[in-house]
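Residue numbers (my numbering), protein chains in the order written: chain A, 4 to 265; chain B, 1184 to 1399.
Please note that a few of the clues may not be correct.
Reference listing, derived: stretches of chain B covered by chain A, where coverage requires no fewer than 3 residues with Cβ under 8 Å from a Cβ of chain A [what the hints assert, rightly or not]:
| # | stretch |
| --- | --- |
| 1 | 1205 to 1214 |
| 2 | 1325 to 1332 |
Derived list of chain B stretches under chain A, where covered just means 3 residues or more per stretch with a C-beta under 8 Å from a C-beta of chain A [unchecked claim]:
| # | stretch |
| --- | --- |
| 3 | 1218 to 1228 |
| 4 | 1254 to 1268 |
| 5 | 1344 to 1350 |
| 6 | 1357 to 1371 |
Here's a subset of chain A near chain B, in silico, CB distances under 7 Å, partners left out [as the list claims (entries may be wrong)]:
| # | residue |
| --- | --- |
| 7 | E11 |
| 8 | L14 |
| 9 | G16 |
| 10 | G26 |
| 11 | L92 |
Hints listed in this document are in silico derivations from the structure and should not be mistaken for laboratory results.
Backbone N, C-alpha and C fix where the C-beta goes; we use that ideal spot for every residue, glycine too.
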Amino acid sequence: MTTTIDLETALSGLRASAPATVGRGALVAAGLADEYAPIDTPLGQVFVAWNGRGVSWVAAGDDGTVFERTFRSKTGRQVDRAAALPPRLRQAIKRRLGGDRRARISLDLRGHSPFEVAVWTKALEIPRGEVRPYGWIAAEIGRPKAVRAVGTALAHNPVPLVVPCHRVVRSDGLIGQYSMGGPDAKRRILAAEGLDTRALEADAAAGRRYTGSDTTHIVCHPTCRDARRVTERHKVTFPSLSAAAAAGYRPYKHCRPVSLAA
Amino acid sequence: MLKGSMDTDAALATRLSRDLEAAFPLLVTQHQDRLYTIALRLLGDRRDAEEVAQDALVRAFRAMAGYPSERTAALRLRPWLASIAVNLARNRRRRLDDRRPPNQLEPMLDDGFDLVAEGRARPDATSDRRETQRELAAALLHLAPGVRAAIVLRHVDGLSIAETAAALGRPEGTIKAQVHRGLRELRLVLAAEAAPPPPRTTTQSARLVPAMETLR
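Please take these sequences and the hints and turn them into a complete structure.
Now the structure itself:
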């Protein structure tokens, strides 16, 4: 009965317990815990983890417990399964995989070296359907001799597909390793992006490392979209950039081919 | 409030100042229920309260991330966190008020009691007590926002007068007066609801005066 209770005591009885989503949501927003959900890609289902700072982890697989274990051991943070990716993030990832480099995706790359972050950021510039050699990234980030370190950094990419490390190939043109399922998976994703991987590897094996046009006297990476528009009649291939230079060809300013010690 | 909770708060503030990321989960554990309660009793809606409580925790984290460590160490966490929740609740209520007329507030009331630990009440007493709490929660929403905030911080959350004053940025004298007024108005509202509904023509003050007398 309201008339007999002590009002102050009754008020202190109005305390309620916060639902678990409150604390968890706060930790995720602060970047101290993460959530993850699956998304379909050309490589099948992959798991994407994120927090308030951005996407923190991407890995193939259909077993969430393996993903959770790996995530915890690599980041030291808690990760919980969510029903789905936030719609905006899902949309942005789909657009990126579809080749739209304007789709903005925040990345949580805390705990990684500035060199690694520079490598991954540079890889983000490679358009869908094209590849660049490790040496190109090394040159572009101002560390031309760090080719091997570039390879290591790409192997440690925590967010494959989102950062398209699959678009970086060996400097001798071979397809190279891939953290998300080896060379076959790398061929599969590159093929899904419209690249003729067999032709790419055949060219590499035959020493055709650069493509030029005898009308413009410009030389490109073979997969550069503009190089692929050169008709067979006007196409010239070179084993090295110095050979192209000797023939009077200058490097294309968009794909910026570099000399590679293959 | 209690000496114990102030000691816990000071210890937590010290830990936060040393390693914010490591200590923040502890702050969440220790303060999420009270921030949720404050928001729930100010707004009357569980969903809104969840968002306000979560947002308050995140804002506290971001604020401390930008503070020099001495400032974090000196924080009086209970009133400080309460002030963040009260401000967020106020902003949210203003947005809600813009969208819905005040007389539609009542159908949206949400007592939130299925989440309350039932404590040591005897089972037969539980439903009575629940009904009382539901009425009390609804009565709170009849108070003017400023008075409601003072009552919620002082008597639901259990802050001292000084802490409530600090949290609301008002002088202690004002808080004392608001708490006094709030308790009096709550008694009136509860008594009016316990009485049979008055005819439509009766003015509110006319019907409340006798109720006040019976309570004294």
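ask   = Okay, which hints does this one fail, numbers in order?
value = Numbers 2, 4, 5, 11, in rising order.
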